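Grab the two chains, each in its own frame, and use the hints to assemble them into the complex.
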Amino acid sequence: MIKITPAEQQLISQYIQTITGIYLDQSKSYLFETRLSAIAEAQGCKSYQELHNKARQDPSKKIEKSIIDAITTNETLFFRDKGPFELLQHKILPEVIDARSSQSALKPRIKIWSSASSTGQELYSIAIVIKELLRDSTDYSFTLLGTDISDAAVAQASYGKYNRFEIERGLDRKYLQKYFTLFGDSWKIKDEIRGMVNFKKLNLMQPFTSLGKFDIIFCRNVAIYFTLEDRKKLFSKLADSLADDGFLVIGSTESLTGVCPKFVPKRHLRSIFYQKK
Amino acid sequence: MKNLSILVVDDDPVIRHLLEQRLTKENYQVQVAEDGYIAEKLLRANSYDIVLTDLMMPGDIGGIEVLEIAKEINSQLEVILITAHSSVDTAVAAMKKGANDYLEKPINFDELFLRLDKIANLQTMFRNAQDLQVAMDTTENVASSTIQTLEMRVASLQESLDKVEIMLRNDHLPDDVRIINALDIIAES
Chain D
1 MIKITPAEQQ LISQYIQTIT GIYLDQSKSY LFETRLSAIA EAQGCKSYQE
51 LHNKARQDPS KKIEKSIIDA ITTNETLFFR DKGPFELLQH KILPEVIDAR
101 SSQSALKPRI KIWSSASSTG QELYSIAIVI KELLRDSTDY SFTLLGTDIS
151 DAAVAQASYG KYNRFEIERG LDRKYLQKYF TLFGDSWKIK DEIRGMVNFK
201 KLNLMQPFTS LGKFDIIFCR NVAIYFTLED RKKLFSKLAD SLADDGFLVI
251 GSTESLTGVC PKFVPKRHLR SIFYQKK
Chain Z
1001 MKNLSILVVD DDPVIRHLLE QRLTKENYQV QVAEDGYIAE KLLRANSYDI
1051 VLTDLMMPGD IGGIEVLEIA KEINSQLEVI LITAHSSVDT AVAAMKKGAN
1101 DYLEKPINFD ELFLRLDKIA NLQTMFRNAQ DLQVAMDTTE NVASSTIQTL
1151 EMRVASLQES LDKVEIMLRN DHLPDDVRII NALDIIAES
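Chains D and Z, in that order, give the protein sequences.
Mapping of the first sequence onto the numbering used here: residues 1 to 277, in sequence order.
Mapping of the second sequence onto the numbering used here: residues 1001 to 1189, in sequence order.
Chain Z with its partners taken away, still in its complex shape (with noise of 0.2 angstroms):
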């Protein structure tokens, strides 16, 4: 089983059982809607890594709007457009307001398996590298108390060091009596 969950939207019976097939028969988890309503319930109701929908569809909800609904759930998910040839431009206007790829029809399956692949890999890295940001943010908070403990320390004892020095350096006193109070000073260091 592959790590990546796909919504397919498609009001075209026919691509959208092609592709529900395909796409479970390379492993992928695949849930489909026939329009962009039930597409925007399922994206509601259930986290995905990549939606593929249609462009053009019926009714309010088209690929733009699945794509606008998509991302304002969840900004890290991927969108892929399928399109006509004729409406390139459209996708194109469309991968500025955050879809990642578009596909132009008839849907050549493998190249939309190197493009899913490739996706996969950018999220196994992007999770790595949190994973990696939290690792380092731990360490780094262990190594910063850790040294800040020391440093507090060291500052004690040099403080206690000039203390003995000016002790044993006064001629005021008796070497017994400085020797004494030098004692207590370290051992109150």
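Here chain D stands alone, though its shape is the one from the complex (with noise of 0.2 angstroms):
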């Protein structure tokens, strides 16, 4: 392995900065030997100066592209903390239906945004609540968007494959049988509910307007990463990409306090969600 100098560690710690939001402090400085040092062996750097010029003068940004892959993988779980989905199910999702319902003659239009869907337990776990809510979806028309910074995590979440280990904490055994085949060692989600989602690449650091407005975002444990003025102009896109009576949902230990004046807590059960104020 590599090792890393103060210098680099400060230089690696500003370029990922910049490619990606997340802000990594001397503490974390660990995960660039553990994540990176592989990337630099392979490109023949012999430090991480080295990597660092070699990846900014890339022109096809193939090396930008692995340091995002390597640096932003965490680890996600279906249904990870039940709240939220308990929460889109009991709440949420029939006060949206509702509004949309009333709104319009047409056939009810509902948009969901997983904004940062990693490898795509999240989006796909929204996808089942609203099989397990609507028997009949095609009632409504949904479109369920994720979207991550990492080409790694988007070809992952479009593939849906998932080993053991990815599946067996979180997922309900009957939730497994029912929307899961069995695929070699590991499983595949079904067609039923591949077919109901979408992902693709966005850095949301990068302006996301041309989305256009969401019903519901998640955005969960994403901005933890991010610095308080990083976070304040995340949030603040995101109240402007929600509808005016839309939902955000971020992470069960997040608060917005003090980072973004656009939107109010509001409190169900033992979860919290967003509304614009």
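For the record, the hints were derived by calculation from the structure and aren't laboratory data.
Keep in mind it's a predicted model, so treat the numbers as computed, not measured.
Backbone N, C-alpha and C define an ideal beta-carbon position, used for all residues, glycine too.
Among the hints, a few may not be true.
Said to hold, decoys possible - Some chain D residues near chain Z, calculated using beta-carbon distances under 8 angstroms: (1) Thr257; (2) Pro265; (3) Arg267.
To be verified - Derived pair list, reagent style DMTMM-like, types lysine to aspartate or glutamate, alpha-carbon separation capped at 20 angstroms: (4) D:Lys262 with Z:Glu1165; (5) D:Lys266 with Z:Glu1159; (6) D:Lys276 with Z:Asp1162; (7) D:Lys266 with Z:Asp1162; (8) Z:Lys1071 with D:Asp185; (9) D:Lys82 with Z:Glu1140; (10) Z:Lys1096 with D:Asp185.
In structure tokens form, the structure reads like this:
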């Protein structure tokens, strides 16, 4: 493993923040060694300084992509933390459906965005909740979008295949049997759920108004890696991308106090969601 | 006493006794079965950490079947196959079905003990990871309930503060009334 010098730590930390928004302070610099060493070696670099130069000069951005994949890959689970999905099922979806049904005689259109979808577990969990709640979901038109900064994560999400370890925690047996097919030693999401969702690459640090407005946005456990300043920018942009009566769900240990005055917190049972003021 | 319990399955009485003796001497908890049928009964009745089974045994339940039964009962169970040199290909095929490892006859006990140590280490790490996961979930639950309570409290205080500001800026009321009303709002919050 290539050792990192203090000067390189600062350089790489700044570089990572610029390309991903993720701010890793000195205490996290072990991540550079454990996650970037292999990339440096594969590129024939003897130091992180050299890797940094090479990545910035690479017109194909291939090295940058592999750095993003290595740094942003985090553990995510199906129905990670049951709260948000109970909230979705019992409070948010019924309210959004009611609101959209009363607004127009046409088939109600409901747009949901998993804004840091990682390898897809959150968005597939949302799709499963919708399927469970509305047996006949053809009465509504759902758009379920998942975005992530990592190409590798988007590719895995699109493929929808998970190993036992990724699947056994969090996911109920009944859902596993119902919505997944055994595929060798792994489980693959069934087409009926896969067909409900779309994944694409998106860097939350960049503008995303082109995605349009959403009725429900999930942005859980991502902003925690951003600096306060970047967090403020992100949630302000998310507010602009949310319908006036839309719902925002953040991580259960996150807070918007002092981050974004455009939202007010509301409580439902053991969970909190946010709406625009 | 080591924390691992091992089921030894072998139809050859010499090997069976040798394994039982050596493993017991190393402080493992050992039980033996002389064929696949007895192995199945024992597997269903007791819980083991490791199954050490001969690949070729007479009857319908050979080593592969013991492996399948063991994995069906508990997917965490580690299975090591004992095989003659000539059936290494079968042993490799068995590893694809979930066997952890295989040993060639004649058994090299140093090699066996090394593998058992590795499995013991892995199981300890796995248990620690599970314990940490539970601890993390608990911490996360407590933290989230604290944060959510504070979040709601801050929001309601902010609301009161906004009301106080509106009240104090209300020119239509005399100063003393504004102050009294503002104090009432604060008292209610």
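Each hint tested on the structure:
no.	hint	verdict
1	Thr257	holds, 5 angstroms
2	Pro265	holds, 5 angstroms
3	Arg267	holds, 6 angstroms
4	D:Lys262 with Z:Glu1165	holds, 19 angstroms
5	D:Lys266 with Z:Glu1159	holds, 13 angstroms
6	D:Lys276 with Z:Asp1162	holds, 17 angstroms
7	D:Lys266 with Z:Asp1162	holds, 18 angstroms
8	Z:Lys1071 with D:Asp185	holds, 13 angstroms
9	D:Lys82 with Z:Glu1140	holds, 12 angstroms
10	Z:Lys1096 with D:Asp185	holds, 10 angstroms
Consistency with the previously given hints is maintained throughout, with no hint failing.
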